[in-house]
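Visitor: Sequence:
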Amino acid sequence: MKCPFCGKDNTKVIDSRPTDDSAIRRRRQCDACGKRFTTYEKVESMPLIVIKKDNNREPYDREKLTAGIVRSCHKRPVSLTRINAMVDEIETQIYNMGEKEIPAKVIGEIVMEKLKDLDEVAYVRFASVYREFKDVNTFMAEIQKILK
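Letter 99 of the sequence shown, counting from 1, is numbered 98 in numbering that gives the first Met the number 0, and no numbers are missing.
These are calculated hints, taken from the structure and not from any lab test.
Some clues are possibly wrong.
Restricting the straight-line Cα-Cα distance to at most 27 Å, the calculated cross-link-like pairs of lysine-lysine (BS3-like) are [claimed, not checked]:
id: 1; residue 1: K147; residue 2: K74
id: 2; residue 1: K147; residue 2: K115
id: 3; residue 1: K51; residue 2: K99
id: 4; residue 1: K74; residue 2: K104
id: 5; residue 1: K51; residue 2: K115
id: 6; residue 1: K113; residue 2: K63
id: 7; residue 1: K115; residue 2: K133
id: 8; residue 1: K41; residue 2: K63
id: 9; residue 1: K113; residue 2: K99
id: 10; residue 1: K51; residue 2: K133
id: 11; residue 1: K52; residue 2: K104
id: 12; residue 1: K41; residue 2: K11
Across the chosen pairs, the derived CB separations fall in these ranges [unchecked claim]:
id: 13; residue 1: A84; residue 2: D8; range: 30 to 40 Å
id: 14; residue 1: K51; residue 2: D30; range: 43 to 53 Å
id: 15; residue 1: K34; residue 2: K147; range: 58 to 68 Å
id: 16; residue 1: D53; residue 2: G6; range: 39 to 49 Å
id: 17; residue 1: D87; residue 2: K51; range: 17 to 27 Å
id: 18; residue 1: P76; residue 2: K147; range: 18 to 28 Å
id: 19; residue 1: T37; residue 2: P76; range: 24 to 34 Å
id: 20; residue 1: R130; residue 2: D30; range: 53 to 63 Å
id: 21; residue 1: D30; residue 2: D53; range: 51 to 61 Å
A virtual CB, placed ideally from N, CA and C, is assigned to each residue, including glycine.
Make a model of the complete structure from these sequences and hints.
Guide: Listed below in structure tokens is the structure:
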């Protein structure tokens, strides 16, 4: 591992410990300059392809998923920490399916299931975009599902 301060290759690990998001945090010290720094190791997972509604395929993008959930939670009492934890849960669920390609519809349904438990207003916001509500009746039908 190269030292970010002096650029030398000889560093040693002082401390290692797991983090909450299945990564390993390593404290390192450079043998040349003596400065300390932290690195994180995360298991590289297989690339996941998302099959869109129009059958186009694109690589899975965590940031895109997070942005959609953040938009639906706008001005709601939902912390970014909770949103990131929810995205971690969703990722774990879709990667555990063991598929290389996954329909966007499957991801959307998982997100809606999680949002329903997290915040009902955010759920309706996400559903209105995801399910492309065409009129008020469709919107009301979704709200009736929540009320049951």
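Visitor: Each hint should be assessed against the structure and marked as holding or not.
Guide: Evaluation of the provided hints:
1. K147 <-> K74: The hint holds at about 25 Å.
2. K147 <-> K115: holds, 12 Å
3. K51 <-> K99: holds, 14 Å
4. K74 <-> K104: holds, 26 Å
5. K51 <-> K115: holds, 23 Å
6. K113 <-> K63: The hint holds at about 17 Å.
7. K115 <-> K133: Between K115 and K133 the Cα gap is close to 21 Å, so the pair holds against 27 Å.
8. K41 <-> K63: holds, 20 Å
9. K113 <-> K99: holds, 22 Å
10. K51 <-> K133: Holds: K51 and K133 sit about 20 Å apart, inside 27 Å.
11. K52 <-> K104: The hint holds at about 8 Å.
12. K41 <-> K11: holds, 19 Å
13. A84 <-> D8: 30 to 40 Å: Roughly 36 Å apart at Cβ, these two residues keep to the hinted range, so it holds.
14. K51 <-> D30: 43 to 53 Å: holds, 50 Å
15. K34 <-> K147: 58 to 68 Å: Cβ of K34 to Cβ of K147: about 60 Å, so the range 58 to 68 Å holds.
16. D53 <-> G6: 39 to 49 Å: holds, 47 Å
17. D87 <-> K51: 17 to 27 Å: Holds, since D87 and K51 (Cβ atoms, about 23 Å apart) stay within the stated range.
18. P76 <-> K147: 18 to 28 Å: holds, 24 Å
19. T37 <-> P76: 24 to 34 Å: holds, 32 Å
20. R130 <-> D30: 53 to 63 Å: holds, 58 Å
21. D30 <-> D53: 51 to 61 Å: Since D30 and D53 have Cβ atoms about 55 Å apart, the given range 51 to 61 Å holds.
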